[in-house]
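Once you have looked at the hints, place chain B on chain A.
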Amino acid sequence: MNSIVEKFYSMEYGPAPEATAEVDAWLAAHDRSFGLYINGAWTKPANTAATINPATGEKIADVSSATAADMNAAVAAARAALPGWQALTGHQRARYLYALARQVLKHSRRLAVLESMDNGKPIRESRDIDIPLVARHFYSHAGWAQLLETEFPGYTACGVVGQIIPWNFPLLMFAWKVAPALAAGNTVVIKPANYTPLTALAFAELAQEVGLPAGVLNVVTCDRRVGTVLVEHPDVDKIAFTGSTDAGRVIRKASANSPKKLSLELGGKSPFIVFDDADLDSAVEGLVDAIWFNQGQVCCAGSRLLVHERVAEQLFAKIRTRLENLRVGSPLDKAVDMGAIVDPHQLKRITDYVAKGIAEGATCWQPSYSLPAKGLFYPPTLLTNVQTSSTVVQEEIFGPVLVAMTFRTPAEAVELANNTVYGLASTVYSENINVALDVASQIKAGVCWVNCANMFDASCGFGGYRESGYGREGGREGMYEYLVPNWLHHGKRKKIVIHAPAGAAADAEAPAPSPMAIDRTIKQYIGGKQARPDSGYSYPVYALDGKLAGEAPLGNRKDIRNAVEAARAASKWATQSAHNRAQVLYYIAENMIQRRDELAAKLAVLVGEDQAGIEVDYSIERIFAYAGWADKFEGVVHNPPGRNVTLAMNEPVGAIGILAPEESPLLGLLSLVLPAIAMGNTVVAVPSERYATVMADLYSILDTSDLPGGVVNIVAGRAAEIGKTLAEHDDVDAVWCFRDEAASTMVKLASIGNMKQTWTNDGYATDWYDPQQAEGRYFLRHATQVKNIWVPYGE
Amino acid sequence: MTVKQQEQDPTLTHSVQVELNGRPLAPNRRMPLNLEWVEEIRANTSAVERRAATIGTRRTVKKEWQAAWLLRAIACMDLTTLSGDDTADRVRRLCAKARQPLQESMVKALGIEELNLHTGAVCVYHTFVETAVRALEGSGIPVAAVSAGFPAGLSPLAERVAEIHRSVEAGASEIDIVITRAHVFNGDWQALYDEVAAFKDACGPLHMKAILGTGDLLTLRNIARASVVAMQAGADFIKTSTGKEAVNATIPVSLVMVRAIREYAERTGCAVGFKPAGGIKTAKDALNWLFVMKDELGRSWLEPSLFRFGVSSMLGDIERQLEHFINGRYSAAYRHPIA
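Protein sequences, first through last, are from chains A and B. Numbering that gives the first Met the number 0 puts the first residue of the first sequence at 0, with every later residue one more than the last. Numbering that gives the first Met the number 0 puts the first residue of the second sequence at 0, with every later residue one more than the last.
Hints were generated in silico from the structure; no laboratory data involved. Quick reminder that beta carbons are idealized off the backbone N, C-alpha and C, glycines included. Wrong hints could be hidden among the right ones.
Listed next, with one range per pair, are the computed distances between beta-carbon atoms [as the list claims (entries may be wrong)]: (1) A/640 with B/137: 29 to 37 Å; (2) B/185 with A/729: 35 to 43 Å; (3) B/87 with A/640: 50 to 58 Å.
Pulled from the structure, derived: some chain B residues nowhere near chain A, Cβ distances all over 10 Å [unchecked claim]: (4) 92; (5) 136; (6) 154.
Chain A extracted, bound-state conformation (with noise of 0.2 Å):
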């Protein structure tokens, strides 16, 4: 039979390959060799490493592998360069990001096809998304360089910013990292992953191109070792991270005792639920969007499928139907929707995983076609009869595999899309807005699809609750993540040295106490209540003559379980409307002025009448600051690309622990405090150790003020002891510690276990009485985080 006919009745797709021999051209004329980009210079290629196409196995180029000298000229020379790239105006760097905008939509398809070829991702998704999206974020941050000095005053770059990024999406990472890191003032040096270092490596080239200044771009290859000289080099102010959790954590502890700056953006687990009133065909091709894009090897992939019991069969017949229908071969095929796993060992990874699945019960479903017989391949998969306690469904496989569990009610599938570690991403699908929003914003995390997957785009902010990280890229969120405050430079600041109380057993001559000052018994305040410390325990807290001024209750790990239970308990303030916060901090501040004066002369005996007054004053005026904050720190509404509304929406953090100040331990611990509560969070304070008595005044007010009990709770004690239990708690939110550095360190270490956010003066004093410093969308800033709910529209 002639070729036509037969292909006139067999109508299967032939294959559609992308041609190659630009970047191949590009390739040869580089010798498939590359150096390191170091201050705008290519270094000789050395200590090399081959860099494969998972597609076919074959060696694409050879990379450099930096030494830690390499690293170190390379931090060297951004901060060489810093001065020089801050000394332009905003409209030269806008200049600069904009050449690149224009030089990566020039070679866009050299990057596209150089994408696929290292990573295994399908041309269309390179093409058509990840490369747009890269010219989109420079665009984008074009505007912000340009905008800089008058949309963040009051802000400087954060100076040299170490950037280590993920082999899902080489390039797009890149983007997303270097584009804020640029537009804001900082010079960088970035590590690209070790599966997929070619488009770093074609992106210096257009730089070198576009003539941005050396040193202000550092592309450094280099193994996990070198990366980490990195996140420890102490003349690296920032470090920014996507990668898996682990990593994370790794990171977060090597960087905790240098007050460098950090964001990370980590994994997910992110469900996508799906009601029984959703448009079950479109919520098929979300699943596809979601978990069979990019192989499935996407953080923010939608792994978790939660659907509504009374459609789940009929939906999980559309998918397998659907299924049957994803092409999966050559990634350099345009008519592919699946291309290849980026490496052995992912692969590897999820097979175990498909496996282990499958050993503790699961039911899986693969499509009936066949693989390509020759390079990295995994179909797409949906396992089904998995439970909340599968291996497969708490942790993240990174790979082409769903997951589903069914719900009754909308209340259930809220409960099981937070049963996860993960807070990453979330989709919602159904027709009814009122449960597509009621859902969307009862989920923990950053970012919540409704109707739709996997959407991004630069004005909208992306990143995490939980173990998912923290931080945001994108928007004007991600763009505070690459700036500090003015005052916050540090040089000018006064280290914190915390001395021992100068009390009775230091002073063998310590004068008599008097009666008055024991005659009064102070205990934790936990969930609206007095408690008395776990310990039987209580410490003596000094007056400014010496004397003995009171006794504080000392607590213990048990005093902070109680406390942080109470605190988690009142989460209802979260959804208390901002009016009715705001009432309550009012009344807070009535009560203080009507007391004003017994509690100057309380606080005086601490800290001298002089403070004291100026104290009260200023506390009572920042409790009025946050009432005003209140229903005014809002979200906003982006426009991305499309038909399309994006709700970019401050949500309270959660339970925060504070470590309060010890100077100013009124106006110190409220100044924490308040925004915390004046945004709808809950905390767990422990006020300045020695002057811990201030607390019995703070709660009585407190308890008459109409503030529901367990959304502030203090407990008193040696702050290195219960502040690390309290840093250390898995369901603490987020940490603050304005004490020393030693405390900063620790609290950053200890956060680790559920990688809670941690907001650190890193031992550095804060001017509580400048409102500039001390107050303010700064820190609403830190007791909020931001969700982005996507909601196309159009009938």
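Frame of chain A, contents of chain B only:
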């Protein structure tokens, strides 16, 4: 049911079992109106549009495959003229083109003589049915007549039914009827069902295509509901538009109708055909629709018995693409006989 659409047609005898995901299907027959089903239908517009936008980017065919797929598009084509200035000679010219859509030299160059390729049908107004039937005599090419008050469908019901009878008598093999869009806007599914059923009764054994007027219905949910009611009432095909609406066939609209056909086949075991019509002009359009049919419904819906394009100018573009495939040079429209 076996695809052997025209008994007298010797050319498309390559028969395939009509099936959906391995399940054999029967021709459609009338079902009782199921309102619960109609009310349950969901179609999320933005999600459908996103899927539609990737149809042409997820799939492509090249070289010989592309040539074969374009030939398939010709075989599934209702070559159409529905203009106020139609005349008998104009219709005869169209029929000649339907008999021989490609020049002999191209047929030889492609080596596809054995296909004896012709279009799926010729589609005309009732007035020209007899002309077309005579012009197509012996070719096996069916004549489709637009009927039932085409394009607005607002003449009295009795007259619309009578019009169908007249076209049947005149020798039409297929009848393309239009529905009363108001029934859809009013949610009067019973009235819509009764109307389509009456038309189908008038058609007798002839294939009936129900034109929904999607450019008028506009919302995808309405289109999905109207699709299901028309199928329940016994339509053999559902068709997007008249070609006279401001917006005619689009991929999102087609996706929704094709999914309704799939659901109908799954629930009833009956196969209903699909005909996008209006605004489809290029070879690239043709391929995109074939991708939709193959990926959403499967191979059976790439046969003229279950899939037709309602087109007038697309053939010209396909001829140019095929000539380019043959000799590697971009072609010009004037090099091919116009329809």
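We went through each hint and held it up to the structure:
1. A/640 with B/137: 29 to 37 Å: 55 Å, violated
2. B/185 with A/729: 35 to 43 Å: 59 Å, violated
3. B/87 with A/640: 50 to 58 Å: Hint holds: Cβ distance 52 Å, inside 50 to 58 Å.
4. 92: 26 Å, holds
5. 136: 26 Å, holds
6. 154: 31 Å, holds
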